[in-house]
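Those protein sequences? They're chains A, W, U and G, same order as listed. In terms of the UniProt record's numbering, the first sequence opens at residue 1 and continues consecutively. In terms of the UniProt record's numbering, the second sequence opens at residue 1 and continues consecutively. In terms of the UniProt record's numbering, the third sequence opens at residue 1 and continues consecutively. In terms of the UniProt record's numbering, the fourth sequence opens at residue 1 and continues consecutively.
Warning: the hint list may mix true and false statements.
It does not matter which identical chain is used: a pair holds within one copy or between any two.
Claimed, not checked - Using 20 Å as the maximum straight-line C-alpha spacing, the simulated SDA-like pairs for lysine to any residue come out as follows: (1) K140 with R15; (2) K140 with P170; (3) K140 with T81; (4) K140 with P165; (5) K13 with G64; (6) K140 with D168; (7) K140 with P166; (8) K140 with H219; (9) K140 with D169; (10) K140 with R194.
If you're looking for bench data, these hints aren't it; they were derived computationally from the structure.
Number of protein chains: 4
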Amino acid sequence: MTTPLRVAVLGAKGRIGAEAARSVEAAPGLELVAALDREDTLESLTEAGAQVAVDLTHPDAVLGNLEYCIAHGIHAVVGTTGWTDERLASVRGWLAASPSTGVLIAPNFSIGAVLTMRFAQQAARFFESAEVIELHHNNKADAPSGTATRTAQLIAEARAEAALPPQDDPTTHGLPGARGADVDGVPVHSVRLRGLLAHQEVLFGGTGETLTIRHDSLHHSSFMPGILLGVRSVADAPGLTFGLENFLFAGE
Amino acid sequence: MTTPLRVAVLGAKGRIGAEAARSVEAAPGLELVAALDREDTLESLTEAGAQVAVDLTHPDAVLGNLEYCIAHGIHAVVGTTGWTDERLASVRGWLAASPSTGVLIAPNFSIGAVLTMRFAQQAARFFESAEVIELHHNNKADAPSGTATRTAQLIAEARAEAALPPQDDPTTHGLPGARGADVDGVPVHSVRLRGLLAHQEVLFGGTGETLTIRHDSLHHSSFMPGILLGVRSVADAPGLTFGLENFLFAGE
Amino acid sequence: MTTPLRVAVLGAKGRIGAEAARSVEAAPGLELVAALDREDTLESLTEAGAQVAVDLTHPDAVLGNLEYCIAHGIHAVVGTTGWTDERLASVRGWLAASPSTGVLIAPNFSIGAVLTMRFAQQAARFFESAEVIELHHNNKADAPSGTATRTAQLIAEARAEAALPPQDDPTTHGLPGARGADVDGVPVHSVRLRGLLAHQEVLFGGTGETLTIRHDSLHHSSFMPGILLGVRSVADAPGLTFGLENFLFAGE
Amino acid sequence: MTTPLRVAVLGAKGRIGAEAARSVEAAPGLELVAALDREDTLESLTEAGAQVAVDLTHPDAVLGNLEYCIAHGIHAVVGTTGWTDERLASVRGWLAASPSTGVLIAPNFSIGAVLTMRFAQQAARFFESAEVIELHHNNKADAPSGTATRTAQLIAEARAEAALPPQDDPTTHGLPGARGADVDGVPVHSVRLRGLLAHQEVLFGGTGETLTIRHDSLHHSSFMPGILLGVRSVADAPGLTFGLENFLFAGE
Numbered sequence: 001m002t003t004p005l006r007v008a009v010l011g012a013k014g015r016i017g018a019e020a021a022r023s024v025e026a027a028p029g030l031e032l033v034a035a036l037d038r039e040d041t042l043e044s045l046t047e048a049g050a051q052v053a054v055d056l057t058h059p060d061a062v063l064g065n066l067e068y069c070i071a072h073g074i075h076a077v078v079g080t081t082g083w084t085d086e087r088l089a090s091v092r093g094w095l096a097a098s099p100s101t102g103v104l105i106a107p108n109f110s111i112g113a114v115l116t117m118r119f120a121q122q123a124a125r126f127f128e129s130a131e132v133i134e135l136h137h138n139n140k141a142d143a144p145s146g147t148a149t150r151t152a153q154l155i156a157e158a159r160a161e162a163a164l165p166p167q168d169d170p171t172t173h174g175l176p177g178a179r180g181a182d183v184d185g186v187p188v189h190s191v192r193l194r195g196l197l198a199h200q201e202v203l204f205g206g207t208g209e210t211l212t213i214r215h216d217s218l219h220h221s222s223f224m225p226g227i228l229l230g231v232r233s234v235a236d237a238p239g240l241t242f243g244l245e246n247f248l249f250a251g252e
Numbered sequence: 001m002t003t004p005l006r007v008a009v010l011g012a013k014g015r016i017g018a019e020a021a022r023s024v025e026a027a028p029g030l031e032l033v034a035a036l037d038r039e040d041t042l043e044s045l046t047e048a049g050a051q052v053a054v055d056l057t058h059p060d061a062v063l064g065n066l067e068y069c070i071a072h073g074i075h076a077v078v079g080t081t082g083w084t085d086e087r088l089a090s091v092r093g094w095l096a097a098s099p100s101t102g103v104l105i106a107p108n109f110s111i112g113a114v115l116t117m118r119f120a121q122q123a124a125r126f127f128e129s130a131e132v133i134e135l136h137h138n139n140k141a142d143a144p145s146g147t148a149t150r151t152a153q154l155i156a157e158a159r160a161e162a163a164l165p166p167q168d169d170p171t172t173h174g175l176p177g178a179r180g181a182d183v184d185g186v187p188v189h190s191v192r193l194r195g196l197l198a199h200q201e202v203l204f205g206g207t208g209e210t211l212t213i214r215h216d217s218l219h220h221s222s223f224m225p226g227i228l229l230g231v232r233s234v235a236d237a238p239g240l241t242f243g244l245e246n247f248l249f250a251g252e
Numbered sequence: 001m002t003t004p005l006r007v008a009v010l011g012a013k014g015r016i017g018a019e020a021a022r023s024v025e026a027a028p029g030l031e032l033v034a035a036l037d038r039e040d041t042l043e044s045l046t047e048a049g050a051q052v053a054v055d056l057t058h059p060d061a062v063l064g065n066l067e068y069c070i071a072h073g074i075h076a077v078v079g080t081t082g083w084t085d086e087r088l089a090s091v092r093g094w095l096a097a098s099p100s101t102g103v104l105i106a107p108n109f110s111i112g113a114v115l116t117m118r119f120a121q122q123a124a125r126f127f128e129s130a131e132v133i134e135l136h137h138n139n140k141a142d143a144p145s146g147t148a149t150r151t152a153q154l155i156a157e158a159r160a161e162a163a164l165p166p167q168d169d170p171t172t173h174g175l176p177g178a179r180g181a182d183v184d185g186v187p188v189h190s191v192r193l194r195g196l197l198a199h200q201e202v203l204f205g206g207t208g209e210t211l212t213i214r215h216d217s218l219h220h221s222s223f224m225p226g227i228l229l230g231v232r233s234v235a236d237a238p239g240l241t242f243g244l245e246n247f248l249f250a251g252e
Numbered sequence: 001m002t003t004p005l006r007v008a009v010l011g012a013k014g015r016i017g018a019e020a021a022r023s024v025e026a027a028p029g030l031e032l033v034a035a036l037d038r039e040d041t042l043e044s045l046t047e048a049g050a051q052v053a054v055d056l057t058h059p060d061a062v063l064g065n066l067e068y069c070i071a072h073g074i075h076a077v078v079g080t081t082g083w084t085d086e087r088l089a090s091v092r093g094w095l096a097a098s099p100s101t102g103v104l105i106a107p108n109f110s111i112g113a114v115l116t117m118r119f120a121q122q123a124a125r126f127f128e129s130a131e132v133i134e135l136h137h138n139n140k141a142d143a144p145s146g147t148a149t150r151t152a153q154l155i156a157e158a159r160a161e162a163a164l165p166p167q168d169d170p171t172t173h174g175l176p177g178a179r180g181a182d183v184d185g186v187p188v189h190s191v192r193l194r195g196l197l198a199h200q201e202v203l204f205g206g207t208g209e210t211l212t213i214r215h216d217s218l219h220h221s222s223f224m225p226g227i228l229l230g231v232r233s234v235a236d237a238p239g240l241t242f243g244l245e246n247f248l249f250a251g252e
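Chain A with its partners taken away, still in its complex shape (with noise of 0.2 Å):
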């Protein structure tokens, strides 16, 4: 029988983090040592033995955290968001300083959302014309979503890529915002509906044909499977990664 690893999880009062600590509880191979909240202190980390720190705190907590699990050899897999090119220069300078510690940092943990990426990238360079439509909650603050902007950048990279031209717009007499938002040249449409939670759809068209991917997040545990990948496999992933995908698609 393997030793489970040990894991634990800060902002574990907040709802992804309540759900990742009863995730980390149920899964096979992964024991619970630690459920930090605000209040608590990082020391309880290195008391409680963890190996491994999941970080779905905040953004002005997030880096503090980093530092002690790095100084400390504790790999870390982060939920949290507000990442900027200066901030993973502080992180890889303090993995410089312990090269076999692991962080994953993730944009998305949605395994879904993560594959709609990728296969939209892939499928960009056959296509003539390619739109987003992303779907919310109409609480939803940001028109279109990040998961959305980013689509259209991966999809608007890989037409370049492939030497593409441009979409052409037929539209001669339209009402202001009918087309959507223009992302790299790629219309992205942001609807907004009571009942929904997150869901997009990547349309692209050809001669006589339409591929559509498309991915529904119907409930916030969607990104608990991702969280348990990255749990897994970052200990053999020393220095920062970046994107889940890279443990995805590992073996390809």
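With chain A held as given, fit chains W, U and G onto it using these hints.
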């Protein structure tokens, strides 16, 4: 055995007109007695003994055609576009002088499109959120489509009638256009994609659920059942009828 | 200011019952005066002065509950399942002795589901083809779902009424099950997928076009607006009402 | 300026063949030098100096055509169906004697269909549940479609390779057929609807999320880009290539 109804098609060399002529020929109970194009004289209609004329010509020609038909007691089913209140008033004037003649003018002969609008109208008052996505081939010059604009207006009217509050847009930071065109407070999004023909999705959202009504027009033959229904019904509807829905739901 | 309506919830510790109790508490014009569970006596209803009781209990308990409510002039809104003609006859008998009391029994309180069935029924006679796909989480024991079966029956009835010919199955060689279950001549397909909740798609096809009506239930709170509508309407509908649609389209 | 590639089409009076001939004529860098039908002799190919032949004929004719082409060093792109291991062995035998000649045989020339299968294969190991829905016009004789069966097999293989457990069917009481056809443990559902052409949806479900890959073929011209890609690539791929995917992802 019933005598077949004698039908003429005007604009019979156009794509839709040619299809209409074939559909009339193939339809039980109908006989195609004349298929006119630009160079033909309207006298051919009376010479052929047409009882119903299907006009699929051009805004420049349709008024002359209708004046002739009505004057000779030939009922008409009209798919030609470009109607204004003034033009409709002319038709009503001619009909006043020929009270047993019927004219059906319809902006859309697709039964699926008409049902979509009707269901959207019926559903609107039950849902907090409503948006429209229309998707067309990438040669379409107007955005949103006329059908989508009309659908959004019908939804807005139904919401107002039910005293629903306006839809708040939650967006605080976004790209211009992301949230679509505003048609009477209902967001409308226009997708233009190679490979598509004409498609429309009406989305409603309420507590914990969504309702979607989607119409896909995959071939221009989708107008034929509506045209044939018009041909069969127009003689029993003296005066001007505007909109196929009046014949679709006649018995309700 | 109007006096709030005094509402009791029976089965208030179940998942749906608890949500219903919260919804009643939050709803303007309603007051939650009792939240009963198995161990509570029905006398609490009269003691609390309940005017309307919402029954979300169990087929074993509901008849007793209704007998008591009706005898005491308490209107009832019932989401509990398991109704047979015999059981409904009992309820009608009790109501005969209490003619001003109203009881609403509804197999489905989701407004989206009820609208889907109604629109399917209205659309059916216009299309040559009709099929139903229902998609649920992978713990559902019955296939097809009750709602899908009912929807298919309504479509079959509407087709028969319009004298549409039966749908020919073109399959000459195939695998067993590929073409779904046969419900009165309408194929019904049942998808079971982890991550889903309750979803249904009704597909109609005619010349060159299709019409799709899709209902997505993403959270069990989707029953709440229908329950609240029932609570607000039942006092004005003495006797037994079966099906939420009777209250939804009351004014039409 | 490059000399255009000299292309012949066999089966040029069939619907797909005629479209292929037009597409070759219109394509930059390609020249249509022969368009053969049943009554034409294969000698026309050599007389016309064809470098690549596109075979869109019939299982009865294709073997003779390929034997002639390979013997004369004419590369071939084959959309004709009916391949067995034995027939492929014959082609390989002829190619062994003409080692610089290339033959591409593809069961599906739609790029969207090939991408759908590939993405399904890549996604399968990440999701607990997988099902396939294919939707076709109501004249299709086989159910499920060949593409859907192949897609389900690829999913089943990927699941087995990743050691995923079999999908448990939760159904304890149901109607026969509701849960679709069983293709290696993956349920496949076949919808037949007037108005449709050829459509396929692959559904994956995991914790809190679903991923859907949908391919819509709206016109038979959807095969043309794949055929042209084959024509342009086959001369650089001596020997037998089976499946368009080998050319689509050549550089990966």
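Okay, the hints, checked on the actual structure:
1. Proximity of K140 and R15 under a CA criterion of 20 Å is satisfied intra-copy only: 17 Å inside one chain copy versus 27 Å between copies.
2. For the identical chains of this complex, K140 and P170 are inter-copy neighbours only, at 6 Å across copies versus 30 Å inside a copy, given an alpha-carbon limit of 20 Å.
3. In this assembly of identical chains, K140 and T81 lie within 20 Å of each other by CA distance solely inside one copy; the values are 16 Å within and 37 Å between copies.
4. For the homomeric pair K140 and P165, the shortest alpha-carbon distance between copies (19 Å) is at most 20 Å, but the shortest distance inside one copy (34 Å) is not.
5. In this assembly of identical chains, K13 and G64 lie within 20 Å of each other by CA distance solely inside one copy; the values are 18 Å within and 43 Å between copies.
6. Taking CA atoms no more than 20 Å apart as the test, K140 paired with D168 passes between copies only; the shortest distance there is 11 Å, against 30 Å inside one copy.
7. In this homomeric assembly, K140 and P166 come within 20 Å of each other (Cα to Cα) only across copies, at 17 Å, whereas the closest approach inside a single copy is 30 Å.
8. Taking the shortest alpha-carbon separations for K140 and H219, both the intra-copy value of 15 Å and the inter-copy value of 18 Å come in at or below 20 Å.
9. For the identical chains of this complex, K140 and D169 are inter-copy neighbours only, at 9 Å across copies versus 28 Å inside a copy, given an alpha-carbon limit of 20 Å.
10. Within a single copy, K140 and R194 get their C-alpha atoms as close as 10 Å, which meets the 20 Å cut-off; across copies the closest is 26 Å, which misses it.
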